[in-house]
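Chains as they are written, first to last, in the numbering used here: chain Y, 1 to 243; chain B, 1 to 209.
It should be emphasised that the hints constitute simulated quantities derived from the structure, not laboratory data. A portion of the hints provided could be inaccurate.
Lysine-lysine pairs mimicking DSSO-like chemistry, simulated, CA-CA at most 27 angstroms apart [to be verified]:
(1) Y:K132 with Y:K234
(2) Y:K132 with Y:K214
(3) Y:K135 with Y:K227
(4) Y:K214 with Y:K234
(5) B:K29 with B:K79
(6) Y:K21 with Y:K44
(7) B:K191 with Y:K52
(8) B:K191 with B:K144
(9) Y:K214 with Y:K135
(10) B:K191 with Y:K5
(11) B:K191 with Y:K44
(12) B:K144 with Y:K44
(13) Y:K21 with B:K191
(14) Y:K214 with Y:K227
(15) B:K80 with B:K29
(16) Y:K164 with Y:K132
(17) Y:K234 with Y:K164
(18) Y:K52 with B:K144
In silico contact screen, one side only, chain B against chain Y (beta carbon under 7 angstroms); selected entries [as the list claims (entries may be wrong)]:
(19) E39
(20) V42
(21) Q68
(22) L162
Everything numeric in this text was worked out from a predicted model, so none of it was measured. Positions of the beta carbon are idealized from the N, C-alpha and C atoms, including for glycine.
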Amino acid sequence: MNCSKAREKMALHVSGDLPDKERATIELHLINCRACREEFEVLKRSQLAIVKVSESDIPVPLRGDFSRNVIQNISDSSRTPSIRSALFGWKPALGILGVLCIIALGVLSFSGFFENLIENRMATGSAVSWEKISKDFAGCIEGPYRIENYNPPPAAGVFAVLQKVNGDSYKVLYCDESYDLASYRAYPWIYQRKRQILSYAGSDENVYVAVCLKPQSSRSEREILEKNIIEEYKPQFNKKSGA
Amino acid sequence: MDDALFKVSTIYYRGIILKDEHLHALLMKARSGDIDAFEEFVRINANRIYGIAYQMSGNSDDAHDIAQEVFLRLHSGIKKYDPQFLFSTWLYRLAVNVSIDYMRRNARHTNVSLNDDRAFQNADITSGPDTDYELSEMRGAIGKISADLPDMQRKVFVLRDLQGFDCREIARILGCRASTVRVHLARARLKIRGKLEEIYPELVNTKKL
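Please construct the entire structure, taking both the sequences and the accompanying hints into account.
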């Protein structure tokens with residue numbers, strides 16, 4: 001057995017993971033090869049460090065409400081029926097009706113019907129009061145801050161980019177969640193949508209941000225709030241096509 | 001692979017030793033729509049799955065999200081569960097695969113140059129870390145190194161060295177041969193040993209021993 005092959009075997013022998021039939025061979029090699037004996041000692045020390053880490057507790061324990069949150073998320077998602085059950089779950093006649101509706105929606109979508117509808121809705125304005133936005137954020141909202149002057153904290157949360165329309169009225173342009181609001185990927189203002197949002201809002205003076213900090217939240221919890229806001233306001237920049 | 005060689009998992013819950021049979025019964029109830037049974041199943045298994053997710057992802061926020069996703073996927077696929085197979089095999093496989101998917105999706109793990117990283121150098125590698133501080137440093141160093149392992153090596157390393165499954169159990173969980181598990185385990189350990197040497201040169205300095 002050469003030393004390179006022996007090294008791979010030693011990495012298993014160090015924890016007793018080498019099959020019996022190979023154990024005698026490696027032990028014989030170790031008796032005859034001083035370099036491999038030394039390497040075996042190094043591997044033992046490396047393995048000891050790993051074992052000690054594996055025996056120690058994970059620094060941040062699981063949150064106590066974990067299982068309740070899982071059940072809550074299951075309940076929330078079960079309220080939205082799947083396409084399959086909506087089409088085929090109850091009666092075939094409804095399934096056929098569903099298929100026909102989808103075809104009709106496809107035709108309308110292809111013809112630009114919905115784009116026109118959405119554009120009209122945006123054009124006529126869907127600005128709402130800060131009070132309503134605050135209520136829809138379940139009361140945990142902070143802001144509105146001028147987006148140019150706002151430094152997001154390194155904490156988990158949900159945020160919305162707003163366009164100030166007049167006085168106390170805002171239009172929600174974009175909503176997202178992040179495990180760390182200060183991280184680069186969380187903040188659309190910094191990079192990908194800045195030009196589009198500015199162009200849409202007319203000036204950076206009109207663009208604000210509202211934040212709901214949820215430091216101990218899981219992604220699923222944050223996504224529920226984000227989904228609610230998107231459903232309620234249908235923000236322009238949450239549409240796949242952007243502005 | 002010989003089914004009889006696959007040990008029945010023992011899980012401790014509130015001081016009571018539970019075997020697979022009890023959890024299997026809970027899963028069967030959950031399969032027939034009993035949401036309370038599923039919640040109990042989640043409560044019993046949550047820490048183990050969170051542990052795997054933490055060791056795969058390296059941080060608690062991601063681990064919470066991954067563990068949530070594992071149980072949500074488990075619930076949505078529960079009707080497909082074939083009772084003739086051990087639920088634990090299915091559950092742990094889901095945990096490692098969801099972890100890998102999650103890390104890919106969020107693309108947050110980057111190659112870390114350990115040569116420049118002085119943050120971990122206080123732990124005593126020659127006798128193993130002993131204090132909480134040393135353990136914390138060593139956990140950070142090993143976490144960073146394992147995050148850069150190829151997917152299969154990372155799965156095998158986490159399941160064998162951090163979770164304590166044996167190679168046959170891991171083969172069942174990952175759906176491969178035990179010999180394949182050993183190959184990936186050896187490679188993972190050699191890479192970790194090499195990286196540890198970069199951070200702790202005294203690992204190979206025999207004068208200190």
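Check whether the Cα positions of B:K80 and B:K29 lie no farther apart than 27 angstroms. 14 angstroms, holds
Just to be careful: measuring from the Cβ of B:E39 to every Cβ in chain Y, is the smallest value less than 7 angstroms? Because about 5 angstroms separates B:E39 from the closest Cβ in chain Y, which is inside the 7 angstroms limit, the hint holds.
Given the hint that B:K191 pairs with Y:K52, test it: the Cα-Cα distance must not exceed 27 angstroms. 18 angstroms, holds
Below or equal to 27 angstroms on CA atoms is what counts here, so check B:K191 against B:K144. 12 angstroms, holds
Does the structure keep Y:K132 and Y:K234 at a Cα separation of 27 angstroms or less? 15 angstroms, holds
Holds or violated: B:K29 and B:K79, Cα atoms, limit 27 angstroms. 11 angstroms, holds
Pairwise hint evaluation, Y:K227 against Y:K214, where the allowed Cα distance is 27 angstroms at most: Within the cut-off at roughly 15 angstroms; holds.
Are Y:K132 and Y:K214 close enough, with their CA atoms no more than 27 angstroms apart? Holds, at about 20 angstroms.
Can you verify the interface hint for B:V42: is its Cβ closer than 7 angstroms to any Cβ in chain Y? 4 angstroms, holds
Next pair to validate is Y:K214 with Y:K135; report whether the Cα-Cα distance is within 27 angstroms. OK: Y:K214 and Y:K135 at ~16 angstroms, within 27 angstroms.
Are the Cα positions of Y:K214 and Y:K234 separated by 27 angstroms at most? 22 angstroms, holds
Just to be careful, I want the Cα atoms of Y:K21 and Y:K44 compared with a cutoff of 27 angstroms; is the pair within it? 21 angstroms, holds
When each numbered hint is compared with the structure, no violation occurs for any of them.
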